[in-house]
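Novice: Read off the chains here:
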Amino acid sequence: EAQVTQNPRYLITVTGKKLTVTCSQNMNHEYMSWYRQDPGLGLRQIYYSMNVEVTDKGDVPEGYKVSRKEKRNFPLILESPSPNQTSLYFCASTRGQGSNEQFFGPGTRLTVL
Amino acid sequence: AQSVTQPDIHITVSEGASLELRCNYSYGATPYLFWYVQSPGQGLQLLLKYFSGDTLVQGIKGFEAEFKRSQSSFNLRKPSVHWSDAAEYFCAVAYNTDKLIFGTGTRLQVFP
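These protein sequences, in sequence, are chains A and B. Reading the first sequence from the start, the letters are residues 32 to 144 in my numbering. Reading the second sequence from the start, the letters are residues 1303 to 1414 in my numbering.
It is worth saying that the hints were derived from the structure and are not from the lab. Certain hints may be false.
[What the hints assert, rightly or not] Label pairs and their in silico Cβ distance ranges:
| no. | chain 1 | residue 1 | chain 2 | residue 2 | range |
| --- | --- | --- | --- | --- | --- |
| 1 | A | ASN38 | B | GLY1318 | 36 to 42 Å |
| 2 | A | ALA33 | B | SER1386 | 22 to 28 Å |
| 3 | A | ASP69 | B | ARG1371 | 17 to 23 Å |
| 4 | B | PRO1414 | A | GLY71 | 26 to 32 Å |
Owing to the predicted nature of the structure, the values given are computational and were not obtained by experimental measurement. The beta-carbon is built from N, C-alpha and C at its ideal position, and this holds for glycine as well.
Using the sequences and the hints, build the whole thing.
Specialist: Laid out in structure tokens, this is it:
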């Protein structure tokens, strides 16, 4: 089954404790991205990757890092989480090259205390 | 800056009534247009999309949307709403890239 998976689905952590949210897709998609969803703000892009070893900032990249060492994986790293990063996070992937139909993971709800 | 506006934060309808959710995008080249639905506690599911061609697009679950270039709009419609349609709906656009720009969402509540 074609899908985007994220882990963990729920995470409660404390300020400053490094964490990683994993994202994996099995569709051989080139383009992957991370969004955060906040009430009243919709979804905003954090980072994206157009292919292996090619990443770039989205609209709200501060406090986040990503890597793309393999085509299928695109982890989101919070080196020193802060309470304002409490949010619902979505990973997405698409074939790229203008196809634009994005497939979303189930989401990761992160709470930073 | 490119933006998407969903003017209705919250809409309440009775089951069986018709529905229209509004979406406007900022002026510019015609983007790719999408509607996604997010049920409570779930991820995003694509309802329909417009890339080119016929401006009336049919989607899943009985939804349709009409692209109106003159109004920069892509409103979502359903002739008869079911209780299971209660969810949050997001309009999104993309301008020749794979980056989606989302509206702030419209929460739909359905009363029996």
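Novice: For every hint, state whether the structure bears it out.
Specialist: Consistency of the hints with the structure:
1. In this structure, A/ASN38 and B/GLY1318 meet the distance hint of 36 to 42 Å, their C-beta atoms being roughly 40 Å apart.
2. The beta-carbon spacing between A/ALA33 and B/SER1386, approximately 24 Å, falls within the hinted interval of 22 to 28 Å.
3. About 31 Å separates the C-beta atoms of A/ASP69 and B/ARG1371, a value inconsistent with the hinted range of 17 to 23 Å.
4. Between B/PRO1414 and A/GLY71 the beta carbon distance is about 28 Å. The supplied range of 26 to 32 Å therefore holds.
Checked against the numbered hints given earlier, this structure breaks only hint 3.
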